[in-house]
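Asks: Each chain, letter by letter, is given below.
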Amino acid sequence: MKKLVKEISVVLVVAIMLFLILPFPANATNEKIEIVKTANEYLIYDSVRMKNNFEFAYATESSTEVDTLNFINAIQDTDGNYVAYIDSDIESIYFKNKEGKSRAQYMWIKQNNTVSNPIKIDLSNVITQDIVDFVYATTNRIPVKIGQEEREPITEGNTTRTTTVGYLQIEAKEGYTYEYQLIDLPNNDYTQFVTLAKEISNFVDNENSYENISKINDFYNLYYNLLPEKWEKVIDNKIEQPEEAKNGDEYVVWIKRINPSGQEIVDVQFMTSVREEREKILTETETEEVVTTTKLPVTFDSNIILILVLVIIILAIIALMITKKKLEKSANTGEKNEKKS
Amino acid sequence: MKKSLNILIGILTIIAIGVLIIIVYRYAQYQENEMQALEVVAQIEETFEKSKENNQKIEMEYKGYLVEGIIEIPSINVKSPILNETNEDSMQYSVTKFSGGKINSIGNYVIAGHNYLNGSMFGNLKQLEIGDDIKLTDLYNNTVIYKVLSIYSVKPNDTSVLDSTNKNARDVTLITCTKGRAERLIVKAQEIKN
Numbered sequence: 001m002k003k004l005v006k007e008i009s010v011v012l013v014v015a016i017m018l019f020l021i022l023p024f025p026a027n028a029t030n031e032k033i034e035i036v037k038t039a040n041e042y043l044i045y046d047s048v049r050m051k052n053n054f055e056f057a058y059a060t061e062s063s064t065e066v067d068t069l070n071f072i073n074a075i076q077d078t079d080g081n082y083v084a085y086i087d088s089d090i091e092s093i094y095f096k097n098k099e100g101k102s103r104a105q106y107m108w109i110k111q112n113n114t115v116s117n118p119i120k121i122d123l124s125n126v127i128t129q130d131i132v133d134f135v136y137a138t139t140n141r142i143p144v145k146i147g148q149e150e151r152e153p154i155t156e157g158n159t160t161r162t163t164t165v166g167y168l169q170i171e172a173k174e175g176y177t178y179e180y181q182l183i184d185l186p187n188n189d190y191t192q193f194v195t196l197a198k199e200i201s202n203f204v205d206n207e208n209s210y211e212n213i214s215k216i217n218d219f220y221n222l223y224y225n226l227l228p229e230k231w232e233k234v235i236d237n238k239i240e241q242p243e244e245a246k247n248g249d250e251y252v253v254w255i256k257r258i259n260p261s262g263q264e265i266v267d268v269q270f271m272t273s274v275r276e277e278r279e280k281i282l283t284e285t286e287t288e289e290v291v292t293t294t295k296l297p298v299t300f301d302s303n304i305i306l307i308l309v310l311v312i313i314i315l316a317i318i319a320l321m322i323t324k325k326k327l328e329k330s331a332n333t334g335e336k337n338e339k340k341s
Numbered sequence: 001m002k003k004s005l006n007i008l009i010g011i012l013t014i015i016a017i018g019v020l021i022i023i024v025y026r027y028a029q030y031q032e033n034e035m036q037a038l039e040v041v042a043q044i045e046e047t048f049e050k051s052k053e054n055n056q057k058i059e060m061e062y063k064g065y066l067v068e069g070i071i072e073i074p075s076i077n078v079k080s081p082i083l084n085e086t087n088e089d090s091m092q093y094s095v096t097k098f099s100g101g102k103i104n105s106i107g108n109y110v111i112a113g114h115n116y117l118n119g120s121m122f123g124n125l126k127q128l129e130i131g132d133d134i135k136l137t138d139l140y141n142n143t144v145i146y147k148v149l150s151i152y153s154v155k156p157n158d159t160s161v162l163d164s165t166n167k168n169a170r171d172v173t174l175i176t177c178t179k180g181r182a183e184r185l186i187v188k189a190q191e192i193k194n
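If you read the protein sequences in the order shown, they are chains A and B. For the first sequence, position 204 (counting from the first letter as 1) is numbered 204 according to the numbering used here, and the numbering increases by one without interruption. For the second sequence, position 182 (counting from the first letter as 1) is numbered 182 according to the numbering used here, and the numbering increases by one without interruption.
Treat the hints with care, since some could be wrong.
Unchecked claim - Residues from chain B shown here face chain A by an in silico Cβ test under 8 Å; the list is partial: (1) 8; (2) 12; (3) 13; (4) 19; (5) 23; (6) 102; (7) 113; (8) 159.
Everything labelled a hint here was simulated from the structure, so no lab data went into it. From the three backbone atoms N, C-alpha and C, an ideal C-beta is built for every residue, glycine too.
Sequences are here, hints too, so could you generate the full structure?
Replies: As structure tokens, then:
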């Protein structure tokens, strides 16, 4: 028993000594690295460390001794986040091979005298302005309009039922064909996609802060992961909500546009279905009313009557004036005859 | 006798001038209504332009009647708001929906309008030709283009013109008077599908 206690004590002492001697590595499990390519450099965001200043260093091997690393101060982005960077000099030293091609390298971050484990940096997988533009253009690449239409009323006995349903109308280009795929929500694969889409649509002024960039990147990756394999043809440029859709049901609608030379563009829309049903029980009086109101409306120009009246009056005035002239003439002739006689 | 004639001519002249004034006043009124209707169309189009992104429905009233959409017939220069109710009062101000479901929905959407001699509203409808376009825009700014398929006259009690020609198609029917009020000029059009 004494021997066992002695052995455990030795193990504990060795463990404590090792713990004190070896540098404590930063816990990297919750950190997330995003690399954004700007016009002149790459900015590297570390979600855990970006709120405080730090230093960073690069090396081509993950086994490089920390003591030999050349640490550089982080810079701040427009939102005040601390970021590591790779300018053209750093890129040519650490990130390009002899042929000038991009290769993955390693980065260490020193913050509060603690140095992180080596973090793999791959410049072939970065967020570019093209990706940002692509994500912001989502839902606008293929223009659509949301509409509602009333179905032909169905009358059964003395009850008339009218249903209003929603649809997406594609603003079609001549010669282009369209395909679509409708995904019912909620759908576990799409939960994050829809949440991100809503958040991105609320971004102010397309500001590329770290939070936004991170969400844009996640959305972009999900977009390509979720792209459907099967498509259905769009008929009459109109995508109707499913027959069984209830009011407020949500759908993700993938739309593909194929131009005459076969090039494809894909976009996605988020549709909320509409289904309003109105039932009206016709009473006897209402039924009669319907019959009487189905006579075609009177739409003639009532001024025609006034114009006719005016013409008649003018003709009457002319006739009276002629009669008056005749009377005057006969009166004059009578007077002359009297004088002669 | 001569004196009585003079009196009669005088009275008739006064009546003629009165009738003429009424006619001129009424046409001025029509012209004024048409200008106001065009302003309503302009307001709707301006609102569409402002809310381009969100596809929200516009609510618009004109002279106490709800506007359902806009009718445009380029070949006879018609552009008017469509009011939701047909009665003597509403028809003074613009063309009106006489029967049918919602604008641009499946079925027959029937619009009535006066055939004013000055050409306003449906005054020039008789000049339409088969194949001419009629555009109806709803208040979500969705436009459907219809092509004129037939033009003919019917008796006022011939309500068969209100029926759909095809249960799955979008039809629009325009009605105005012809031969005084003895008959109705009917223009039937159907949606053009790409």
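Asks: Give a verdict on every hint.
Replies: For each hint, the structure was consulted:
Interface hint status for residue 8(B): upheld, as the beta-carbon distance to the closest one in chain A is roughly 6 Å, under 8 Å. Checking residue 12(B) against chain A: minimum C-beta separation of about 5 Å stays under 8 Å; hint holds. Interface restraint check: residue 13(B) against chain A, minimum CB-CB distance 6 Å, threshold 8 Å, status holds. A hinted interface residue such as residue 19(B) counts as satisfied when its beta carbon comes closer than 8 Å to some beta carbon of chain A; here the least separation is about 5 Å, so the hint holds.
About 5 Å separates the beta-carbon of residue 23(B) from the nearest beta-carbon of chain A, less than 8 Å, and the hint is met. For residue 102(B), the suggested interface contact is upheld, since its CB lies about 4 Å from the closest CB of chain A, less than 8 Å. At its closest, the beta carbon of residue 113(B) sits 6 Å from a beta carbon of chain A; the interface hint therefore holds under the 8 Å criterion. The restraint placing residue 159(B) at the interface with chain A holds, with a minimum CB-CB distance near 4 Å, inside the 8 Å limit.
Violation of the numbered hints given earlier is absent; every hint is satisfied by the structure.
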